[in-house]
Structures are given as structure tokens and as C-alpha cells.
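*Asks:* Each chain is listed here by its residues.
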Amino acid sequence: MRWVWITLALGLVCQRSDGADSQVRFNRDIRPIMSDTCFRCHGPDQRARMAGLRLDLRDEALKKTKSGVTPIVPGAPDQSAIVDRIFATNSAKIMPPQFAHKELTGAQKETIRRWVAEGASYEKHWSYEPVKRPAVPDVRDSKVPIRNPIDAFVMERLRREGLEPSPEADRRTLLRRVTLDLTGIPPTPEEMQAFLADKAANAYENVVDQLLSSPRFAEMQTVRWLDAVRYADSAGFHGDNLWPAWPYRDYVLRAFRDNKPFDAFTREQLAGDLLPNATTEQKIASAYNRLNRASAEGGLQPKEYLAKYGADRVRTLSTVWLGSTMGCAECHDHKFDPFTSRDFYSMKAFFADIRETGLINDRGASAWGAKLLLPSPEQKVRLASLKTRIDAAQAELKLESERLFERRWEWEDRALEAYKSGDLAWRYQHPVSASTLHGAKLSVYNDEPIDSDYYMKGSLHSERKRGDGLVVASGPNPDNETYVVTFKPGPGAWTALGIDVFQDESLPGNRFARGSDRFVLTEVEAELSPSQKLPFVLATTRGFGETPENPPMAAIDGNPKTGWGVGFGEQNNPFLALRFADKVRTTADSVITVRLHHDSDLRRATIGRFRVALSQSEHSWPEDGDSAKKSAVAETSKSDAATLNVSVERGLPPAVLAALEKHEDDRSAAEKKAVLDHFSWATPELQPLTVRLAKLQAERDLLESAIPRVIYTERTKPRITRVLPRSNWMDETGAIVQPAVPAFLGTVKTDGRRATRLDLANWIVSPSNPLTARAFVNRQWRQFFGTGLSRTLEDLGSQGEWPTHPELLDWLAAEFVQPTSGARHAWDVKHIVRTIVISHTYRQSSLTNPSLSERDPDNRLLARQSRFRVEAETVHDIALAVSGLLVERFGGPSVRPYQPDGYLAAINFPKREYSASHGDDLHRRALYTQWQRTFLHPALLTFDAPTREECGVNRVNSNTPLQALELLNDPIFVEAARVFGANILKSGGARWEEQLNWAFGRALNRAPRDEERRILTDLYQRSVASFESGESDAKQLLSVGETPVPAGLEAKQVAAMGLVARAILNLHETITRN
Amino acid sequence: MNSSNGLQLCRRAFLGRGVSGLGLLALNSLLQRRLMAEVARGVVNPLHHPAKAKRVIFLYQAGGPSHLETFDYKPTLAKMHAKPMPESLTKGQQIAQLQNSQLLCFGPQYGFNKFGKSGQEICELFPHIGSVADDLCIVRSMWTEQINHDPAHTLMNTGSIVTGRPSMGSWVLYGLGSEAENLPGFVVLVSSGKGGQMQPIAARQWSSGFLPSRFQGVKFNSVGDPVLHIRTPPGLSENLQRDSIESVNALNRVENQTAQDPEILTRIAQYEMAFRMQASVPDLLDVSKEPSQTLELYGAQPGDGSFASNCLLARKLAERGVRFIQVYHRDWDHHSGIKANVAIKAEEVDRATAALIQDLKQRGMLDDTIVVWGGEFGRTPMSQGGDGRDHHIKGFSFMLAGGGIKGGTTYGSTDDFGYAAQENPVAVPDLHATMLHLLGIDHQRFIVKFQGLDARLTGIAGQVVSGILA
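Heads up: the sequence lines are chains A and B, in that order.
Position in the first sequence (first residue = 1) + 151 = the working numbering.
Position in the second sequence (first residue = 1) + 659 = the working numbering.
Just chain A, same shape as in the assembly (with noise of 0.2 Å):
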């Protein structure tokens, strides 16, 4: 038996940092195994304690328990209960128990028992130790160059192990290594040249320190910072609604690019909003404290999301900052670390003083809560000019309303008569003709019956009536689209056109348009047969559902990229109310054309169904939208149906009417505001100033919804916070909670004033905090090395692993916090990732053998570089540098790639279709890829991009065969591959093997093997045989992506060509760092 153990124990070698005879230790040794197998009953959770026993404290270990034993007692394994009973064979003695399926294996038991015998000497977990800087082992002898500490802390580990180190790489993998570690990017062939060329000693270091001050430096930094806050575009639960965050991304690249010290940063983020005379820069930096998933879902408790959003602000702050698992701490006292429930909630009581709400409104103005305007110098000026325009356009309007007002009731009466007579009434007309420009397909209901079904009330209701002048669009379904009506009004005088707007629950875009989240009217067009041009002047409507960047007056200002809309809305349907410039004058035989454009960036916010109507009287206000209303009175007035007038209101607001209805006395302050904005509005005399007026608005919204905005922390009075049992957020017992750290980590010091989030920032980076400093520099770490010095990045708490290196661990947060040379100040992030790319550690050649393959399979040990898939974001960026498409600009708006159809159908709250960007915006860097948390793009998300739904500090490296499909037939990815193709046609030289040589450089950094240009001259040749033969099609293939296909070269030679390059672009190597 005895044997057995030793042999067993020979495996943990590998764990072992000095050999298997010297002393057991017990953070290394002990803690991990107790804290697996004994804690949980035996640890800090005191309601979960069994036999009033505690384990993980050595003074409570040492005490004689109420049944009389001594579970440890040092230097006497023999009269130790513990010994005893973790090698009973008795099951109902044996520890740990049956019930609990965790089984010792021997060897564990031999070093607990060993552990015992040798005196139980207890360590404070090693993560809660405060930083000290370990002395360097002297590794004076070294095969290999020991360029820094950290060399030599590798080396002495792989000396104790007996492993030889590598020698480091050729100097083409070395460079394409650090672009691609750093920059995210591979070098082009010019930078190899160079770098191969440069025989200065310190050419790598020079080329280090050029990556470490490009963007892209600070572009690969944000990414894993993004994942680490769970940065998103999107709010995430419910509609899972586009939010205003991503001024916050950038200011995460410009902290990385400007190397902003660490802890500079972490006050910005907590607490930018707190700072003395905060910089709008830190007030961006605040918006940290507003990424958590917001819910707009009516009908959810706000106690609960209050209580939601509390806890995964504590979750995520534990994980980055404190590379700790708070979150156990939600419900019970942590079951393996000594964080309480109670240290939860006062983490939680530091979040409670930030302006939210637990139901968060995602449209409207009052959307998402409190944000921050960044608007340009520009547009500051432009906007002061226009409120005071405004202003004073107002002030005249009113004066001359009231001036004209003492015509009040000459124009009241009217205004009633007309009402009663059904004057003011809309027509709503039967088109003779509809038809479109880019192929959607439109149908005319007159008197033929249609389905339709629509929401009232939040119910869906379905019919079947006679169109009554319905125009539906089908088909087909252009990204823009223009309609063109026809129809003849018969004799008559008119001042307005009217197009209402039917929802239907068939329609895929928010119920009104054929796509998008929103139907979008660039331009609305009138014309009089033959050729008579009939300009609008002023355009109205009820005002629900607009967003201020869809102003009415925008369907009427000549722009074709500025148009109405319509985002979200369950009852009413829109109606745009346009008023002639002169009254339109028609005979029996007269003509109306109407066109519809919808030519806005917002893919397919076209129209489904609608009606046109006229006004022949001084003016009509926009109808109400009701369906059911109007569908209720078409029923009454079957008899009518000839006058087409479905008219429900009869084009005056009811408040309006309601007010006429009354002497002027008797009507309220309210109703003689209504009445005299309707007179403004209708009164002939007052036209101009109203369209002036309305103009003026409509230029203010558009300009105003372009200035940039963030989401961001606003102060309030701090809500109460309670320890809540179980998490339950219904049961009000729970102690009341102040602001404090967790208490076995120290105090805020703040002289009897309620801590606040700067308090918490403050201590985060000060040295009473040991974790922050190992948490980020263990992270960092993994970048280099695809593994944490530490695998668990997200928990150096006791169940976390025992970092491999631990003193190279210590030693690294020590330098990162107090730089000894070559950084600018504490907290140096690019003085910590330099340190570690210019170590020899890092330069390794990666190629292992199988002895090495066999001893230390995930290379833990640090014997050779690692080879790993890049990032997601880097599959895709490295696909479109090497293809030339790469449009580089550091920051801004997320942009939209291409995304397959129907990808966003489970969404709804609105529904929407995606659109994508153009021109630029389909080519940059990944990382500014609209990050919707519910559904993110698939190309993110199949190379194992998280949603950022949750804090996330550790990315999985997957390899399936949806990567394959991806990269393979993604329109971006074959978009890529072709014009890479034509690139190689065009700049690769004129022969083949000059072409191939090209190519493998640009993507791979080297020249193809004889072997693979055989497999590729194969491809190549079958490919042109394919086109050739017609059994496949050159210009279709080159017809995928927005791209232009270049002139000047034959599609089928392209085309093979581009087959070619999707090979390259498909290869291991080529989305391998190695």
C-alpha cells in the first residue's frame, strides 16, 4: 500500500514547486485539497457548518470538538480525528462522507497526514497576502538568455523540473507572434523585410516598443477589458434595445492607447462621476457603473431588477478587480473563502447611491436613464443658434396668434360647422395604380376583402374587411424601396394629403415596415397629370412613436437620407398629414401621383401597408390611428362606404373639440391652450410662421439626436441596502448594510462619513489591496501565453489553482504597482505587457517533441511558447488586413457587418430586421462590431466571443465544424477571399510562383512549401476549369460583398484566384499564433 501512495504522489510533482522532499506547504499543498473536499461542511460558511467543526482557521482545528476529539493535533498524526478518519474504510466513518461524492485519493490523503505529522503549520490563502516582491533566483548558469526577472523565475522552475527550456523562435514567427499578440493584426511583408534586415541587437525590442505605441495596441487591450465590464451595444434583457455606450469603448482606447495609468482607471470607472470637478472624460468613464443588463419589461417587480442589478455589479467588480467570487456570496457566506453574505451587501451598499431605476425605459426620451451629451463645438454652437431662432420664431408666432385671435370665434365657428358637416374630414382614397421602382410588389384593396390583424390593447385582433383603399407591399423586398400611387379624387379643391400607416402582425419590422425596427418616409412627392408639380409646405402629425432623428418636416425637406418614422407602437397607427403649398384644384378626370420614397440608410424601413387621403378644408389634423376605431365605424357606416370616409375624428382633436364644444368661460386653462395651438396651426395667416417655426424644430431634432451620447452614472441620495437571505429580494429581515470592503481585507477609512464608490476605488488600488494587482497582471499573462500564470483568472480564492509560478506571480503584480525601470509611473500597463514580450520566456520557439508533449501537455511549465487560436475579433481582422478590405479608425459609432437574414427573429419589443453598414464601416476592426447582447453576430460569437451578458475574464478556445462553415461561406469572409484574390492578380507579380510567394506572405509571413504549392496549383487549375466549364460562376461569386469587382482583369481568373486565397484564408496557420 505504501508504495501505491509514493507513486501517486511522484504525480504531483508536477504541482510541486521544490521537490518532493522538502516540506508540504499548506497553501500549495493542503488548502487545495481541503478546500474541495472538506470546507464546504468544514469551512467559512457557518450556517452550512457540520459538527461545530471549522478547518480552515488553525486555531479552530487544533480545539477538542463536543464529541471530545482533537481533529488536528500537530506533529501527532496518529492522534489527529482527521487523519483517522480520511483513511477509515468504515462508511460510515470515512471522510469525506459518501453523501457528498468527493473521494481522497491516496496520495491526497499521505500529504494530509504528512502535513499533520510535520506540525499543521497553517498559511493565509496566498492571494490575501499582501504583495511582496520575491527575490530573483540566480540562474547565472542558463543555456538561454535570461533577459528579465521573469526568465529567471521560469528557468529555476524548469531546472528543479529537469526540463530544458527552448531556444527562441525564428525570427519570422517571432515577429508575426508579438504583431499579432499585440496588435491584433499580422505584420505586412514590408515590416518582415524590414525586421529580417535589421541586424541592430535590439531590433526586437525597437519593434516592441513601435507595436506598443500603434492604436491597434490599444485596440486588442480594449477587447479583453470590453469582455472583463461586459461592455455591450445593447441593454440585454427583454427587446434587448440598442443603448447609447459606445463613447465608454472609446474611452477604454484612449486609457490604453495614452497608457492611463491602472488605477487612474479604476477611479474614472467607479467613480469618474465623483471626482473633484470631474472632467467630462471621467464622467464617460462612469458609464462602468451603467453596462449591466437593463430590463424594460413591463409588468417586472423594480425591487427585484434593483436588486438584479446590485448583485452583478458586486459579481463583476469581485471578478475584474478583485479576481475573486463574490457572487457565492449573494445567498450564503462563501463556501470556500471567507467572504460573507454581509461583505456582499455592503459591496452592493457602495452601487446604491447611482440615479436607476428597476424598470429602465429603452424608447422615449426619458430612455435608459440618465446619459451624457457629448456634443461637438460645432454642434454646441449650432444648437445655441438654433434654440434662440426658435425661441424667438415661437415668441413671434404666439404674438401674432394672439393678435389674430380676436377672430377667434369667426374662425371657431367655422371651424365646428366644417367638423359637423364632415368637411374637415379626411377622404381616404381608391388608387387606380400602385407600383414600385425596385421590384417589391404593391397591391390595391378597394373593394376586394383583406386580412388583417393588429394589436389593441395587447390582444391581437383579426379580420377580414373590403380594402377600402389598403395598399400592401409583398414580394420582393429592396433595401429601399419608392412607391408610386395613382389615383383620382374626382372634382374638388384641396389643402392636404395624408398617408396613414396600417400595423399588421404579418409585417416583419415593427409591425409597420417590411424590415428595420422602424419605418423610415425620406421623401414624400405629389404631382398633378400631366406633370404639374404639387410642393408641400408643412408637415404634421400626432406625435406618438417618433424619435426626434425621424421629425415629420424631414419627409418634405428635399433630403433623401433625413425621412419620418415611426420606431415602436402597439395601438396607433401613424398618419403624416401634408399640407399643400397652393390648394390643388382637380376635375372629374384629374390625376394624382403620389411617391413614396424610403431611400434612408436603415435597410428595408419600407412602408407594408397604408392609405392616402386629401383634405379640402382649412386644415385637417391628422387622423387617430386607432384601427379598431376605425374599423368600428367602417362597420356603422357600411352604408357610407362609397364616400370612403373612414374618417374617425373628421380632422379635428378631440380635445380641441371638446373645447369648442364649451362657451369660452367655461373652458379650462388647458383647453384654451389647445384651442389657440389649433388655431396657430390652421389659420392661413399664420402659415409662415408656422412652417418657419416647424422647420426650425425639425432642424434642432435632427441635430440634436446626431450629437453623441453615453449612458453614464448620475449621483443620488443612497437607497437603503440590506443583507437579503437567500438573495430573496421579497424578505425585508435582513440587517441594514453601510459601504464597506470585505471585512477580512481591512476598512475604509472615512471618519464616520458614509463611504462612497471614490472611498472604494481609492482602496481597490491601494496597498492594503492585495488581489487587483495579481488578478490583472495574471490576466495579462494569458494573452501571452494562452493560459493564466493562475488558469482560473476569475478566482485566486482558495479553490482557484495554485499559480504555477507563484513568485513570478507576486513578482509581476509588484512590478506592475512599483515599476523598478523603464516605466513612465505606477500602474503601467505597458510597461507590464513589455516586461513580459521581451522576456525570453516569451520568445520561445513554440515547437515541442513528444517527451515534452507527454511531461507537460498543456505547457504550464513554460518550456517552449504555446500555440492557440487567435480571438474572434482577430479571425476576422486578420482575414481582412491580409485581404487589403481592412479599414482602420480608431473609435466611434459600432458599426453593423454583414449578418444573415432573419438572425434577429426572436427579438421582438420592436421587431427588427438588421441592416447592415456601408461603404467603410463593412470593413473595420471587429471590435466595433455592434455588440447585441441576445443574438451577437455569429461571426463574433462561433469563435467563442462572449455575449457580455455577464462579466467574462476567460474566453473558451473552441474548434467546430460551424468555425469551418464560417469562415468558408460568411459573405465577408468570401468577400475577403476574392478581392485578396485580385490583389494577388494585381500586385503579386506576373507569374504564378512569384503570385503564391505573394500571397503566403502576406497571410503567413512565409514562402509556401513545395508541397503546398503543388495542392494549390491543383486548386487553382480546377477552379478555372469549374468557371471555365460553366459548371461554376465567376460573376456570381465576385458579386458577394459590397466590394466593386476591379477592372481590368478577367472574373474567371479573379474568381480562381480568390479560391485560391480562400484556401490561405482558411488555413490553422493562418488564424494560429504560434
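FYI, nobody ran anything at the bench for these hints, they're computed from the structure.
Owing to the predicted nature of the structure, the values given are computational and were not obtained by experimental measurement.
All C-beta atoms, glycine included, are put in the ideal place defined by N, C-alpha and C.
There could be a bad hint or two in this list.
Unchecked claim - Simulated crosslink set (DSSO-like; lysine-lysine; CA at most 30 Å straight-line):
1) Lys-853/B <-> Lys-616/A
2) Lys-813/A <-> Lys-824/A
3) Lys-750/B <-> Lys-454/A
4) Lys-522/A <-> Lys-538/A
5) Lys-275/A <-> Lys-853/B
Said to hold, decoys possible - Here are some of the chain B residues that sit facing chain A, going by a computed Cβ distance under 8 Å:
6) Val-703
7) Ala-918
8) Glu-922
Unchecked claim - Coverage of chain B stretches by chain A, computed from C-beta distances (three or more under 8 Å per stretch; other residues unrestricted):
9) 753-759
10) 800-808
11) 1070-1076
Starting from the known structure of chain A, fit chain B onto it as the hints suggest.
*Replies:* Below, chain B without anything else, positioned relative to chain A:
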């Protein structure tokens, strides 16, 4: 070896047809074994105990179907219609949109009939489901903790309300592996119909969470491309696509001679799998070739993307060895107009659900397939706005059939008002534990390390509901 010969060989090996097998390159057969082993073997190997079922088809009725208009007959509630709910039941309980409103009883909107030899009580709107009543186990005593859609879905799918946990399909795939050669082992289908607010469903509901992403659910689209990027780019013949993939793999093999990296071998295997998926998936998802009596049985129209079509697809996927198939059907969120709307939903699901059970049965597959029917919560016995029902968590119904389930039984009950589970309450983790049990897994021993914890699908709770086992 001459490279083009090599390619020829590989190509034939790749397609796996018309080759004796002995002609395969050694490398290739190694790859095949690696891949098959990876795909087929789960971590629970051997099983904890003999399994009753091999796979699950979860007909997920999203939005929260009313138990009172489906499986839970409440004559008392009918009598109390429009009268105040007893405060003893509702006091201090969570409610959603009915916060601050008067709580009035709202009687069942339809009658119930007794069906089958077992005489199971099922709402009259579901005669087809009634026709298979003797195969069904109706659970009337489900309850959950989460009253809003998104968290309730998360709990139902992952056993936890904290985002980032693996969904049940991922757990099962991780535990048991897949028997499907050319298909993912966990497939998700989504349909929507009419008659209710179409609540969104996030992709996280089928995420693999902290498990490797090859265990995540793959959503098949019933309209458009069935799997993202499953189609060869326009203009490329299938031959040329295959040539391209073979070239990529040949080049990767060359690289591996130097790199000796198992990840390269996996990559090669995955490209082969991708090609096989391209060849098989679109065909599989095309139900137009099904015999007309099958289409008739389900009430499916080829290409309509309906729940009926998805039920038919689920059967086809099950036949091909897919381990976990989740068929979401939406729009059960009946805050208003429940009478009309629930009838619309019944028409969409009644025939297809019954057809799936019959179809599986006649193919001899019902014995080892668990069919589950239910949503994230139920609906209030109180009225909302006079004609609807709000979200409800204290009691609702589920229906199960197939492998190891006791047919013809009704299990558990709610109180006379249909408010709270009373007899034999079944919590969400109990449902998970039972499902795993039938698949041969002891949920208490099915553990994954995560953030230092031993994570289980059933969390710290969950008990096998032995009363519903055959």
C-alpha cells in the same frame, strides 16, 4: 506519394462512400476515430444507472401557457368567476402586471373533457392531444421562482437565474454525447404563430455557458438557410466547394508535419464535418419530400416554419441521433383576450403535438424518447383587464410522454383556484433531475467545476419525481 493521388484518396475517404475502408490513409482513419470519439462519448460513461430514454424532445411553449385553459380543470374557479380572490392565497405573493390592482377570480374560458381509457381531463380545445391521453403524464403541480419571462426561461433552461450556466440541452449533450454523425447533438427550432404577445427569446437559452461551445444548441432555421452559412457561396459548384475544402485540409496536413498540433487534426476533422453538414442538413430540413399523409398528420406545410413543421423536423432529427431537440413555440403570453387567443394557440399546437407522439410511437421511438410540453410559468387565476391572465409562478402544468414516463396519469394538483401547487409540488430542478434520471444520469453526481464550485444542472436542489415514472 503523388499529391494528386493523395487528394483523390482523401476525397473518397472524405465522402466515405464507395471505398472499401482499407484504402483510407492511416491519418484519416485516426481522425475519424478521434472525431467520432469526441462526438459520441459523453462524460457520464458508463451511465450512472440503466437509461430509460436516449433523447429528449422539449416542446417549449414560451410566454407562459395558461394551465387553466390546458391541463388543470378548476370548476371552483368557474363558480367564483368575477368574485374577489381569497386574500389568504394571494397575500404577500409576487405578482407581475397586476401590481396594485384588485384581484378578481377569472373562470376557465373553456370546458374540459375526459379523454382515453385513463379519463384524463384536458381542455376541450385540445382534442388531438386528448386522443393520445393514455400516453401522457400530466403534471399539475409545477412551480417556479421567476415571474418575468427572461429570468424564468433562464431558470427553466439552466436551473439557475444567474446568466452563464449551461442550458439543459448542453448538459445532456455533455453528459451523453451525440449519436448524430452529420448533425449537431443539440438542435433548437423556433416558431411563432398568432394570438399573443411574441416575447423575445435570447440565444443564451441554448448556450453552453461555461461548458465548451461545441455543446451549445445550434439553432436551425425553418425558413431561409437552415444553419448559418450552410450554403456554398453563390457561383460555386458543389464539386468546387469540395475541392476547396479538401485543399484546405491537405494544406493543414502539410503544416501538421512540422507543427505536430492536435488542434490541426481537430480542425481537419471539423472541415470534414462541415462538408457533411452542407451535404445533409438542407436535405434533412426539407420536409416537402415527406409523404403527404405524414404532412397531413402533423398539419404541416413545407416551408411554413410552423410549430407543426418543426414537430415533424424534430422527429427526423431524433431519428438521426440528435440527443436534445428543443422546439420553441412563442406567443403564449395572454395578458388579454385569452379566450380568443388561447384558441388560436391550441389550433397551432394541438394536432402537431399529438402527431409527434403518434409518429414516434408508430416508429417504435416513443419508448426511448422523452417528450416534454410546457412553458416557463403559468397564468393567474385572477383576471387581468377583464379578459386576460397575468404571469403566474405558484402553480402550473406540464405534460410529458415517452421513455420511462407513466402514461395515462395525472400527477399533483393545485388548490381549488388553480393558484398554488398543493399536492406533490414539482419544482423546476425536480423536472431536470427526473429528465436526467430517465437518461441514465444521477443529477447529484453530474458535476462540473465552475468558479470553484461543483456546479450541477439542478443546483443544490432537485429530486427525481418518482411518481411519474413508469
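*Asks:* Please go over all the hints and tell whether each is borne out by the structure.
*Replies:* Hint check:
no. : hint                    : in the structure
1   : Lys-853/B <-> Lys-616/A : holds, 19 Å
2   : Lys-813/A <-> Lys-824/A : holds, 14 Å
3   : Lys-750/B <-> Lys-454/A : holds, 18 Å
4   : Lys-522/A <-> Lys-538/A : holds, 20 Å
5   : Lys-275/A <-> Lys-853/B : violated, 61 Å
6   : Val-703                 : violated, 13 Å
7   : Ala-918                 : holds, 7 Å
8   : Glu-922                 : holds, 6 Å
9   : 753-759                 : holds (count 4)
10  : 800-808                 : holds (count 3)
11  : 1070-1076               : violated (count 0)
When held up to the earlier numbered hints, the structure conflicts with 5, 6 and 11 and fits the remainder.
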